[in-house]
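Peer 1: Going down the list, the protein sequences come from chains A, B, C, D and E. The working numbering puts the first sequence at residues 13 to 272. The working numbering puts the second sequence at residues 13 to 272. The working numbering puts the third sequence at residues 291 to 746. The working numbering puts the fourth sequence at residues 54 to 503. The working numbering puts the fifth sequence at residues 488 to 808.
Rather than coming from a laboratory, the hints here were simulated on the basis of the structure. Hints should not be assumed to be uniformly reliable.
As the list claims (entries may be wrong) - Partial list, computed: chain C residues near chain E (C-beta under 7 Å): (1) Glu379; (2) Asn679; (3) Gln701; (4) Asp705; (5) Asp707; (6) Ala709.
Said to hold, decoys possible - What follows is a set of in silico ranges between Cβ atoms, one per label pair, in the way DEER data are often shown: (7) A:Arg50 / B:Ala139: 52 to 62 Å; (8) B:His33 / C:Arg550: 35 to 45 Å; (9) C:Val738 / A:Asp97: 33 to 43 Å.
As the list claims (entries may be wrong) - If you want the ones that stay clear, here's a sample from chain A, every Cβ over 10 Å from chain B, calculated: (10) Lys37; (11) Arg81; (12) Glu194; (13) Gly249.
Ideal placement from N, C-alpha and C gives every residue a C-beta, glycine not left out.
Take a look at the letters that make up each chain.
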Amino acid sequence: MNPAEMMDHPIRLTARDVTVHYGTKQALHGISIDIPDRAVTAFIGPSGCGKSTFLRCINRMNDTIEGARVGGRIELDGQDIYAPDLDVVELRARVGMVFQKPNPFPKSIYDNVGYGPRIHGLARNKAELDEIVISSLRKAGLFEEVKDRLSEPGTGLSGGQQQRLCIARAIAVGPEVILMDEPCSALDPIATAIIEELIDELRENYTIVIVTHSMQQAARVSQKTAFFHLGNLIEQGDTEDIFTNPVNKQTQDYIMGRIG
Amino acid sequence: MNPAEMMDHPIRLTARDVTVHYGTKQALHGISIDIPDRAVTAFIGPSGCGKSTFLRCINRMNDTIEGARVGGRIELDGQDIYAPDLDVVELRARVGMVFQKPNPFPKSIYDNVGYGPRIHGLARNKAELDEIVISSLRKAGLFEEVKDRLSEPGTGLSGGQQQRLCIARAIAVGPEVILMDEPCSALDPIATAIIEELIDELRENYTIVIVTHSMQQAARVSQKTAFFHLGNLIEQGDTEDIFTNPVNKQTQDYIMGRIG
Amino acid sequence: MIAALLLVLLSLSYSVGWSKARAFASAGASGAKLHSRPQYHAARLALWTLVPALLVLVAWGVFGDLLSRNYILGLLPADIATQTGPALETAIQRVRSIASGYGVAGELADYEQPAGQALAQFNFIVMLVMLLAAAALGIAGLLFARARITPRLRARNQVEQVIGLLLLACSAVAILTTLGIVISLLTEALRFFSFVNPLDFFFGTVWQPGFATTGAGSSGGYGILPLLWGTVMVSTIAILVALPIGLMSAIWLNQYAPARIRALVKPVIEILAGIPTIVYGFFALVTVGPFLAGFGDLIGVDIRATSALTAGVVMGVMIIPFISSLSDDILNQVPRTLRDGAYGLGATQSETIRNVLLPAALPGIVGAFLLAVSRAIGETMIVVLAAGNAPILRANPFEPTSTVTVSIVNQLTGDTDFAGPQSLVAFALGLTLFAMTLVLNILALYIVRRFREQYE
Amino acid sequence: MTSRTDGATTTTARVRATLARRHRGEAIFRGLGILAVVLALGFVAILFTTIISKGLPSFQQSRLHLEVFFDPAIIDEGPAPVHEPGQSDADFRAASLKWQRNLAMLNWNKIVEDAIRRAAPEGFDIDSRAALSIPETSERHMLREMFVQNPDLLGKTVEVSMLASANVDNWLKGTIDRSLGDAQQQLAAPARELADLFAENGTITRDFAWSLFFNVDSRAAPAAAGLAGAFMGSVYMMLIVIVLAVPIGVASAIYLEEFAPKSRLTDLIEVNINNLAAVPSIVFGLLGAAVFINTLHLPLSAPLAGGLVLTLMTLPTIIIATRAALKGVPPSLRQAALGMGASKTQMVFHHVLPVTFPSILTATIIGVAQALGETAPLLLIGMNAFVAAVPATPLDQATALPVQIYLWQGNENRNFFEARTSAAIMVLLALMIVLNAIAIFLRSRLEKRA
Amino acid sequence: QSRDTIQIAGSSTVLPFASIVAEEFGAAFPEFNTPVVGSGGSSGGLRQFCEGVGENTIDIANASRRIKASEVEACNAAGVNDIREIQIGFDGIVFATSADKGDFALSPVHVYKAIAAKVPVDGEMVDNPYTTWDQIDASLPAQPIALAVPASNHGTREVFQEKVVSAGCEEAGLPEMSEDDMEAACTTFRQDVVVEIAGDYTETLARLQSNPDTVGVFGLSFYEQNRDTLKVATVDGVTPSLETVAAGEYPVSRPLFFYVKGEHIGVIPGIEEYVQFFMSDAMAGNGGTLEGAGMIPQPADKTAEVVSNFENGVSLTASDL
Ligand SMILES: Nc1ncnc2c1ncn2[C@@H]1O[C@H](COP(=O)(O)OP(=O)(O)OP(=O)(O)O)[C@@H](O)[C@H]1O
Ligand SMILES: Nc1ncnc2c1ncn2[C@@H]1O[C@H](COP(=O)(O)OP(=O)(O)OP(=O)(O)O)[C@@H](O)[C@H]1O
Ligand SMILES: [Mg+2]
Ligand SMILES: [Mg+2]
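Sequences are here, hints too, so could you generate the full structure?
Peer 2: Now the structure itself:
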């Protein structure tokens with residue numbers, strides 16, 4: 013995708029001067045970033061630099077962590093998501109999330125995926141729900157492996173299967189923005205390929221933010237990349253530019269440092 | 013390391029015809045493998061193929077899963093680890109494990125690492141324990157990041173930090189065999205490099221088994237590689253051979269399929 | 291009739307809400323997305339409809355009787371209506387019996403028959419009016435709320451707000467209970483303090499509330515300290531029995547026992563909680579007491595058959611399930627990855643339990659423990675029978691003692707003068723106990739907070 | 054690379070060195086666990102054997118089978134009134150009550166005595182007091198009831214099964230020392246002799262004591278006393294407690310744990326609830342009398358008021374236990390649900406509650422069991438009472454099983470304070486076991502679904 | 488609709504008698520329900536009685552002692568003005584031991600010497616030295632002293648104190664001392680051998696079982712029902728029985744009462760009939776049902792007086808007491 017193409021993408025999310033404190037520890041220092049619609053934005057950076065923290069700001073999951081305080085302003089489609097009258101639940105339905113540690117519900121595989129559509133009333137009847145569940149599982153590349161055991165608990169799956177289950181669960185709701193925190197960390201290359209294809213496909217209609225440690229993956233799937241370091245956003249821009257021509261010394265070091 | 017060098021490595025672990033059932037579902041179908049001492053053996057294979065399951069057999073962690081049944085024979089230094097008179101506690105002290113999902117205790121970072129040495133009586137006094145904790149954290153590349161917050165809970169760390177904490181926790185006990193289930197899945201390239209260096213260093217004295225989805229990582233760190241598929245051990249051998257010249261079609265497909 | 295009306299209103303409003311919201315949902319392609327699912331819109335409408343209707347009906351329930359009574363008064367001849375007391379009540383009752391069609395025995399007074407008929411008519415009309423009013427208000431609510439349905443309407447939030455309010459109301463019950471207790475104790479306790487000097491009560495070391503007529507009714511006999519001491523002693527012994535047994539059983543059942551045995555043993559132990567305390571009392575008196583006394587003889591310690599020890603031990607048995615069953619469930623909820631983490635390091639099972647599981651489950655276990663302590667403090671019947679009813683300040687747990695709760699029951703249910711201090715002291719005792727446990731609980735909360743921080 | 058640096062070996066050696074000690078610790082710990090369970094079970098076993106061995110005899114009861122002659126010479130009251138057309142219901146009721154009342158005044162004892170004499174051997178010398186001490190005193194009312202139901206019995210002889218009196222029952226069961234002298238016996242010598250005779254010739258048989266289950270309490274006729282009223286009273290109260298305390302308790306626990314902002318106020322509420330658990334149960338009785346009886350004008354001695362008081366008493370137990378359970382739910386589960394766009398309410402009801410369901414059931418069982426066995430608070434709302442009727446609704450006067458146990462154990466008749474008390478306890482326990490069984494059934498079903 | 492069942496509460500001593508009457512009343516009067524008889528002690532019963540007037544208050548309070556002036560005042564304050572007192576008969580209080588023990592022929596002074604914390608020995612008050620009964624009086628069995636007496640919440644305690652201990656105290660010839668000291672000397676019991684029973688007589692019986700040397704205080708009716716396990720002691724040479732108590736020969740007895748709320752008569756159906764039935768010869772009279780249950784009947788003229796007072800609406804005032 014060339015820069016010209018990039019121009020069509022209107023800005024979906026804007027963050028201005030976002031800070032996060034956990035108790036007394038400051039985890040993010042004034043992050044400002046624009047995230048385009050119908051494109052994939054990758055967050056990269058060393059472990060502990062605040063990628064997950066910033067991701068959690070976008071759908072206000074930090075609200076659930078005791079002692080976490082968020083400052084600054086984040087807008088989704090021009091609307092302040094930290095506004096007091098904003099409906100957090102609706103926000104989270106629109107901004108889906110795949111967590112870094114897979115956390116399936118202690119329910120059956122089917123119910124894990126069907127839960128979101130059910131509460132959001134996306135299926136009129138059992139058949140529709142079946143369809144949503146199956147197609148989500150299939151998109152996440154899990155269906156073949158679990159089709160005989162849909163009613164068994166999701167917690168009895170292997171690590172990679174759980175991760176894909178959580179992806180299937182998130183896309184089943186059809187969110188407008190999808191936040192993925194290292195969605196492929198526990199996946200083998202083939203499964204990774206399936207998820208990357210999925211991301212590519214979703215990109216057509218959705219806004220996607222992905223955290224990854226794999227430079228190749230960032231290069232492969234994203235159009236924009238943001239590099240975090242020690243709670244600061246060091247550099248952001250088109251993925252191509254960042255990877256071929258990083259402005260910042262730290263970015264360069266990180267990308268060149270070693271290829272994972 | 014050339015094949016000749018490989019010859020010095022006596023066999024540390026032998027598995028013969030190991031099967032595992034979860035309830036009625038068979039997860040492993042007769043795995044037989046020899047794992048050499050002072051070398052790194054990598055298990056690769058698609059998600060859900062049984063890598064973690066087999067790993068758990070080696071230090072009998074499957075005992076703790078309800079409904080899991082293990083068949084066949086596994087020997088460590090010629091001793092049957094499923095023998096009724098075997099001391100599981102000692103076995104697990106000798107065969108350490110890093111789990112796929114980071115699972116820090118809800119205790120302070122210090123206590124997380126100090127726990128193993130403490131129960132095994134490896135430190136004579138506080139100073140010794142301090143030393144073990146610090147050196148373990150340092151080896152896992154975490155010390156610098158957490159040195160100011162050793163007394164804060166380990167559950168408040170980022171995903172990658174938690175993973176390194178679990179590695180530090182495992183090596184703090186000084187096991188003879190170390191089983192690592194995707195130890196770098198949540199780590200950025202730099203942290204990954206530190207862990208790989210650590211593995212390389214540990215290899216001098218220990219037996220190491222690592223599960224990974226990164227072919228490059230397997231190629232970089234391991235001397236032996238075993239490829240699992242659908243609960244079967246398809247191929248095993250020297251890493252170089254497997255990667256350059258896989259005998260089996262499936263192995264070839266998997267390795268060539270796509271590079272992660 | 292009323293139930294039918296409510297059902298009709300409910301189904302009507304629900305279906306109206308559902309279909310309207312549905313309509314928006316199907317038209318959703320044209321524009322704004324429906325904020326809440328149709329169910330929530332339906333539930334919201336149902337609330338808007340039923341609440342007004344119910345309010346009317348409740349008002350009727352509260353004031354209806356008064357209304358008909360006033361109406362009857364109007365029907366009665368003046369000479370009867372101006373009477374008070376039983377005669378009037380009887381007259382009213384007779385008219386009501388006639389109106390209900392049941393009739394009354396004996397001759398009817400002239401006025402009674404027409405009055406009865408008039409009342410029957412009146413009742414009928416009132417009922418009709420009420421039902422209509424309820425229905426009308428309900429429908430008004432329905433229409434009002436329906437008009438405001440738009441796709442963006444946050445019906446779910448509204449319904450959830452109502453749920454939140456209901457939940458809040460539920461926790462208010464506990465607060466109201468406390469208030470009620472304090473109020474119902476306070477006035478009487480104050481009356482007691484008009485008889486007895488508070489200082490003598492709080493710092494007195496002699497508990498001997500005798501009969502006024504036989505002397506010893508002086509304030510010297512109302513010292514609470516012996517009772518408090520007895521309470522502390524008996525509860526401590528009970529906890530010393532119940533905590534180890536309860537916690538260890540929970541751990542064994544949860545970690546070591548085969549699932550089948552656990553499923554069997556747990557309910558059996560739970561039975562201990564449901565045996566009436568009076569049974570424990572007799573068990574203590576007839577079985578445990580003599581056994582302990584015999585045991586004491588054996589080892590050369592003088593243990594009385596009825597003693598703080600007996601009461602404490604038996605009470606401990608009673609509260610075992612409070613600790614064991616609840617702790618077992620709480621241990622169950624600790625994520626297994628934690629357990630795996632410890633096993634993987636080579637921890638033995640007991641080390642895993644002690645170092646990882648228990649700390650993680652600690653907040654819950656403390657809750658169970660508090661419950662058990664509270665139960666021990668509040669328990670009466672066992673102590674009545676097993677502790678020997680000797681409210682004397684002495685440290686030896688092998689001697690009889692008495693507790694605050696026992697004295698409350700004794701003084702309240704005996705043959706003493708209920709308007710005199712002998713009986714009123716029960717209220718002062720209750721209030722003191724209440725205040726003291728309150729302080730203890732505040733302390734416990736504080737300690738638990740500090741203790742817990744390590745683990746969170 | 055020939056020799057291993059000895060780091061690992063020393064580690065292993067050190068691990069080994071402490072292993073024996075650790076295993077000993079493990080064994081001790083496990084042993085303590087088993088010991089604890091055995092102790093707990095032992096207590097249950099001892100309690101049960103004591104209760105059952107004492108209570109079992111009262112499930113059997115002596116009954117007399119007598120030919121009763123409805124002697125027209127004694128029953129001279131005329132036919133029962135009939136409902137005439139034009140007569141108001143009230144008038145008819147008055148007339149028929151008058152007739153019944155007159156019947157009640159008749160000398161039914163004479164009819165009973167005649168029946169006894171007829172059954173006794175020819176010429177057996179017994180005075181009428183002693184003869185009447187053989188059947189239970191309430192049986193004359195039973196005969197009258199028979200007659201009221203069926204006035205055609207007049208002049209007929211029918212075989213009637215009557216309860217033997219408690220003293221006869223004790224005598225025949227041997228609960229009283231047979232060798233004691235006359236002065237120490239409850240029954241006169243001829244009555245004892247006749248009772249033995251009857252037992253031999255089958256006039257008195259030992260039957261299952263249905264009366265224990267189907268009769269209401271009785272003081273005048275100890276052998277006829279039963280648990281029906283108390284049982285129903287307890288059932289009503291239990292239902293009220295379950296219907297009110299469980300939802301309210303769980304709801305407040307949810308509010309406090311999940312919704313309430315963490316503030317001084319919530320701390321206060323928490324402390325306050327913990328405190329309520331320690332309030333002696335009789336104080337709840339005081340509260341109940343003040344609120345439910347005096348302010349809300351609920352009827353005295355009614356299971357409704359009793360149930361409400363017990364509800365208040367059970368609430369803290371359920372709240373504390375449920376909160377403890379909620380605290381144990383891992384945060385990752387909550388985050389998963391919230392991340393899916395579930396509202397807090399949905400998170401709680403769809404994910405958190407199902408996980409804590411077993412604990413909530415346990416709390417319910419313990420709380421309800423405690424309420425079910427409670428006597429003191431009922432004292433002050435008039436339920437600690439002798440009530441000779443089965444309550445038809447929760448608004449009728451009733452008593453409760455523990456109250457019955459309490460009253461019976463305080464009764465001077467050994468028939469009560471020994472056997473019957475234990476039998477009543479057995480019934481109460483059976484009720485609890487049923488409750489437990491239901492809860493366990495629910496628990497297993499819900500766990501399966503999860 | 489108003490309540491149609493009579494509500495009674497109060498003394499557990501009166502409870503059995505009231506229950507029997509209630510039951511018979513229910514059987515004899517088909518138009519009335521069987522009254523509900525609550526326990527809760529005289530104090531608890533009167534408390535409920537004096538709660539006020541209305542359906543949700545009780546109609547009748549049983550008491551094993553007379554109502555107190557302060558209670559009448561409390562009653563009046565709550566609007567209960569028409570309190571009608573019914574004395575129903577007497578309750579005898581006996582000392583009993585396990586049936587297999589020796590015979591006790593007690594006198595008040597024996598009991599005093601056994602129970603008091605300090606007793607006079609050679610004109611000096613000393614800590615009670617007696618450990619067995621025969622040390623007090625050679626005629627008593629050589630059995631360790633152990634007593635189970637009613638606790639101070641019991642009405643029986645008052646009688647026991649007044650008619651036995653205080654009487655014995657006077658007899659024992661205490662040295663000169665102030666009135667207060669005297670009173671204290673007469674009312675302070677030893678802690679080691681005396682058990683105070685707050686519960687029912689069955690509890691006392693259980694004490695006797697757990698320590699067979701105990702001498703217990705029981706109601707006469709309880710003893711009557713348990714003659715096989717209990718042996719009664721004579722007091723001043725009189726054997727307690729219905730006859731000796733009724734005749735006033737046996738010293739330790741007390742009157743029993745119930746109190747009717749006049750305001751409820753005519754509102755709650757059956758109150759008048761209940762009272763009349765209770766006081767009828769067939770129930771409370773000589774040879775009546777209640778005598779069989781252990782209540783000691785009062786003289787017929789007393790009963791007649793009580794009933795006529797009731798029927799004439801004579802109500803009690805604080806100044807009567
Ligand atoms: N506790 C369990 N109960 C039932 N089935 C299980 C359980 N754990 C694993 N399985 C199943 O056994 C198979 C092998 O699982 P395993 O965890 O060994 O896979 P893996 O090779 O580690 O995969 P991944 O790379 O995704 O972690 C999978 O199909 C998985 O669903
Ligand atoms: N709940 C918490 N309490 C306290 N500190 C926290 C908490 N969560 C994260 N942190 C700290 O905030 C910093 C940023 O954490 P974050 O999880 O955002 O890192 P990350 O970039 O996602 O790293 P990783 O790649 O390892 O997941 C880290 O130093 C971490 O230790
Ligand atoms: Mg992260
Ligand atoms: Mg795995």
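Peer 1: Does each hint hold? Answer for all of them.
Peer 2: Okay, the hints, checked on the actual structure:
1. Glu379: Glu379 (chain C) check passes; min Cβ-Cβ to chain E is 6 Å, inside 7 Å.
2. Asn679: holds (5 Å)
3. Gln701: Given a least distance of 6 Å, the restraint on Gln701 (chain C) holds.
4. Asp705: holds (3 Å)
5. Asp707: holds (4 Å)
6. Ala709: holds (4 Å)
7. A:Arg50 / B:Ala139: 52 to 62 Å: holds (59 Å)
8. B:His33 / C:Arg550: 35 to 45 Å: For Arg550 (chain C) against His33 (chain B), whose Cβ atoms are near 20 Å apart, the range 35 to 45 Å is violated.
9. C:Val738 / A:Asp97: 33 to 43 Å: With a Cβ separation near 37 Å, Val738 (chain C) and Asp97 (chain A) satisfy 33 to 43 Å, so the hint holds.
10. Lys37: violated (7 Å)
11. Arg81: Consistent with the label, Arg81 (chain A) stays out of reach of chain B, its closest Cβ about 14 Å off (over 10 Å).
12. Glu194: Contrary to the label, Glu194 (chain A) does not stay out of reach of chain B, its closest Cβ about 6 Å off (not over 10 Å).
13. Gly249: The claim stands: Gly249 (chain A) keeps its Cβ more than 10 Å from every Cβ of chain B (closest is about 19 Å).
Hints 8, 10 and 12 from the earlier list are contradicted by this structure; the remaining hints agree with it.
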